[in-house]
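Asks: Each chain, letter by letter, is given below.
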Amino acid sequence: MALKLSDYKTDVHNDWCPGCGDFGILNAIQMALADMQVPPYKATIFSGIGCSGKTPHFIKTYGIHTLHGRVLPFAQGAKLANPDLEMIAVGGDGDGLGIGAGHFVSAGRRNVDMVYIIFNNAVYGLTKGQASPTLKLGMKTKSLPQPNVNNSVNPIALALVAGFTFLARGYSYDVRHLKDLIMKAVAHKGLAFIDVLQPCPTYNDINTKEWFQGLDNVDPETHKAMPRMYKLEETGYDGVVHDPSEINQKMAQVIEKSNEWGGKIPIGIFYQNEHVPTYQERIAARIPDYMENAPAVQQIADNKGKTITSIDRLLSDLRVDK
Amino acid sequence: MEKTTTNSLSWVIGGAQGSGVDSAANIFSRACAAGGLHVFGKREYYSNIKGEHSYFTVRVSDRPVHSHVNEINVLASFDAETIFRHFEDVTPGGAIIYDSDVANTLLSEVPTVDDHAAARIKKTLEKAGLGLTVQDALGHAKRRGVVLFQIPFFQLLQEFAQKANDPALSKLTRMVNVMALSTSMAIMDFDNEVLARAIQFIFRAKKKVADLNVSASAHVYIYAKAKFAGSNFAYRLKARPTEKDMIIVQGNQSSALGKMVAGCRFQAYYPITPASDDSEFLEANEILDLNDSGKKGSTVVIQTEDEIAAIAMAIGSALTGARSATATSGPGFSLMAEALGWAGINEVPVVISLYQRAGPATGLPTRHEQGDLNFAVNAGHGEFPRIVLASGDIEESFYDTIKVFNLADRYQMPVIHMLDKAIANSVTTCRNFDPGKVGIDRGSMVRQITDKDKGVAGNYLRFKLSDNPISPRVVLGTKDAIFWNTGDEHTEEGHISEDPELRVQMMDKRMNKLELALKEIPDEDKAVAHGSSDIAIVSWGSTKGAVLDAMEKLAGDGTKVKFIQVKLMSPFPSELVRSMLNGVKTMIDIEMNYTGQLGSLVRQHVGREADYQIVKYNGRPMSLDEVYNAVKRIIGGDAPRRQVLKSGA
Chain A
1 MALKLSDYKT DVHNDWCPGC GDFGILNAIQ MALADMQVPP YKATIFSGIG
51 CSGKTPHFIK TYGIHTLHGR VLPFAQGAKL ANPDLEMIAV GGDGDGLGIG
101 AGHFVSAGRR NVDMVYIIFN NAVYGLTKGQ ASPTLKLGMK TKSLPQPNVN
151 NSVNPIALAL VAGFTFLARG YSYDVRHLKD LIMKAVAHKG LAFIDVLQPC
201 PTYNDINTKE WFQGLDNVDP ETHKAMPRMY KLEETGYDGV VHDPSEINQK
251 MAQVIEKSNE WGGKIPIGIF YQNEHVPTYQ ERIAARIPDY MENAPAVQQI
301 ADNKGKTITS IDRLLSDLRV DK
Chain B
1001 MEKTTTNSLS WVIGGAQGSG VDSAANIFSR ACAAGGLHVF GKREYYSNIK
1051 GEHSYFTVRV SDRPVHSHVN EINVLASFDA ETIFRHFEDV TPGGAIIYDS
1101 DVANTLLSEV PTVDDHAAAR IKKTLEKAGL GLTVQDALGH AKRRGVVLFQ
1151 IPFFQLLQEF AQKANDPALS KLTRMVNVMA LSTSMAIMDF DNEVLARAIQ
1201 FIFRAKKKVA DLNVSASAHV YIYAKAKFAG SNFAYRLKAR PTEKDMIIVQ
1251 GNQSSALGKM VAGCRFQAYY PITPASDDSE FLEANEILDL NDSGKKGSTV
1301 VIQTEDEIAA IAMAIGSALT GARSATATSG PGFSLMAEAL GWAGINEVPV
1351 VISLYQRAGP ATGLPTRHEQ GDLNFAVNAG HGEFPRIVLA SGDIEESFYD
1401 TIKVFNLADR YQMPVIHMLD KAIANSVTTC RNFDPGKVGI DRGSMVRQIT
1451 DKDKGVAGNY LRFKLSDNPI SPRVVLGTKD AIFWNTGDEH TEEGHISEDP
1501 ELRVQMMDKR MNKLELALKE IPDEDKAVAH GSSDIAIVSW GSTKGAVLDA
1551 MEKLAGDGTK VKFIQVKLMS PFPSELVRSM LNGVKTMIDI EMNYTGQLGS
1601 LVRQHVGREA DYQIVKYNGR PMSLDEVYNA VKRIIGGDAP RRQVLKSGA
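As they're listed, the protein sequences go chains A and B.
The first sequence runs 1 to 322 under the numbering used here.
The second sequence runs 1001 to 1649 under the numbering used here.
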């Protein structure tokens, strides 16, 4: 029997603010899971801390709500112990690029085959609106006592140089587009990152839904709002590294495109490179049966509870009469 | 001439870090072990890659030994610094083997002797009316009856190079370590064949190097035999048939071996002294043999970006059902505190091997201390259950390692396995490990759930409230058993809840597991009483060796002392320790820290204050003699309440 969207929903009361961008992302994740017909028990959603951290509780798959900034190590540990399971990590921009930035960079170096989605609204919502690492320099969102004194980090460019092999940006109110991105990210062989722009209707009064829609940016001729978002794929942009010789050129265009902000903001796939071995493949190169006999599925004792591991070879090396 | 002492001595080799002190000591230890003798060795080194002074002490005996002594009977050296650092500790009748080329080296010419050490050495030599060269230090020793054995290492190397037809002398200078060792073996009249076998064994990965070292060793051995034929040196080592089933093992191997047997299949770590060796040993042996099966097992070992990631990955892995661990030392464990609480509230079985070193902050990064007991018992904010178990020696640490995984699974909580630098960097002969001695107990881990594990809505309840505080645990990927985890307080399903009544129920559920653990854990894993007396030493961890050996020495004087070795630190076995202290008139707390942390735990849980405290915090493990002397002083009635031990270079 085909799995329906409702099969991925829990009855946990959702206490996000009305109009929160998180809803769009939650829906997109659930829709992607349903479209891909992932059996709920085969998937685990990991999250960090903050409003986005509550996401797993609304999704009827395994859900692991971890610590602030630590979602990637938790998820990578689980994925590497059981590469057979589908792991999606989610978290906020402060979670992933502030307190968790070290893990973000290190995850790129590993290229574990999984997906990481950042809910990017440029503020720390749950702690009442402090500036996050993606808030632009000099911006003063409404609960900031002073304008933001830090420059912002470019999540896509950072992920690129860290070594993520799939880079995309979505917009939380373009749910179908985001759903497609998530499906492509899951299908990608390697570590996929999706930066999802979303309004925080309560604390970010600058990058609002209206701002993203371009209500302040009216075409003088048509008198219509000009939405800031545009889709890379509609401009002929191709981020896929078809051959390793293209890497430098493809990386360069990611830097250029990901720096676009203000009037025009690109969404879509910035980069995809499947020529880099995944961490699982790197382990399997040393442990040949790793994929079938990963840590989680290995038998360690017989039915009488006796160990089945033999260390005789190692002990014999230690014998004094050796 | 003194009488000859055979098969009971303390041997030290020293040299610059990176010059092969370890290899030489490993060869010596293995040769002795292969010669049927018991050894206990310990390694001391600076936080440095090359150049600083390191040394290795090995005590050899025809009976089991568990500790080192302050005295040196044979000092093998090939540089100036080793003489300056250790000449005072060599006993009358003992030997110093030294390089003739360093005899005129001035103390001030050895840059790695720091100002504090230099001032102490200077004071000693000046007080004796001597100058400040190696020769003067040797003279000082000679006055006390130490026998000097001068070896012209460079000349011997030249001869050897000619003989070996290898003009690359620079390559050969790396072998002075083995040459110093070989000289010591020659003067002690140890069997050269057994020595050669040990050299072959230690360099077994590099056949050419092994052969070269064996020849160089033989060359020097023959030279020293001839040159010192008439010395009639008082200390002898005589090989004898080996006892059955003995191994020689290092403390950084034992727990890793235990992990393999325990079925630990995932370890994440961040490099840190002295814990990294544990992970590296696992990784070097990542493919595992399985009994009666052509199949292989394997351990995934991951070097993470920091210790936060290390414990987080281990927890993530544990959620999938793999037995998972991390290994660290104090600074790394400090970073793990938050995740430890997460594992506590989510009832995740994860093992942390905590190899203590001297703190705080970076402290003495390569030196020993038992300063993290309070921290291990209390780390993390809020209140959550954890098990803390401390091993007393290398052999114990093997079996305890299997047990800590069982405890983690059985009680679904983080387990901190306390080890330390003294254990990690020591080597000992002991009975061969018996991998079948401790079984594998995965507790209430289930591969599928039953109706009674479900709630009214038909959902699996990971944290089901019932008479049993331990709920059946499934792993990620189990069909029809979806659950949630959160660092927040949670419902039975694992969803966030701030309900005051549920909070109490969940706290009670988690904390009640400790009472259950306390009921079920066998006494011998809680605390062990060695001997009986109304004078009792209370101690823990690696002081065990020095305490046991001191007890034996005291018994030789006719003084019986009891030793209560506490192993389980959380939950604390109050009743058992109380009963062990019954009838004890004098309680002596012995620990490698400043405050007496176990003493405070005993006071907290048993309501008994130690009458005397013997503590040490200079970074060097306790020796047999200093424990013996300090206890002797207490028995003699003239000891202060607190004695601070200070031995060790």
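Derived from the structure by calculation, the hints contain no laboratory data.
These figures come from a predicted structure and were not determined experimentally.
Just to be clear, a hint being listed does not mean it is correct.
Some chain A residues judged to face chain B by a derived CB distance under 8 Å, without partners named [unchecked claim]:
# : residue
1 : V153
2 : I283
3 : A284
4 : I287
5 : I308
6 : R319
7 : D321
Beta carbons: idealized from backbone N, C-alpha and C, even for Gly.
Asks: Are any of the numbered hints broken by this structure? If so, which, sorted upward?
Replies: 1 and 3
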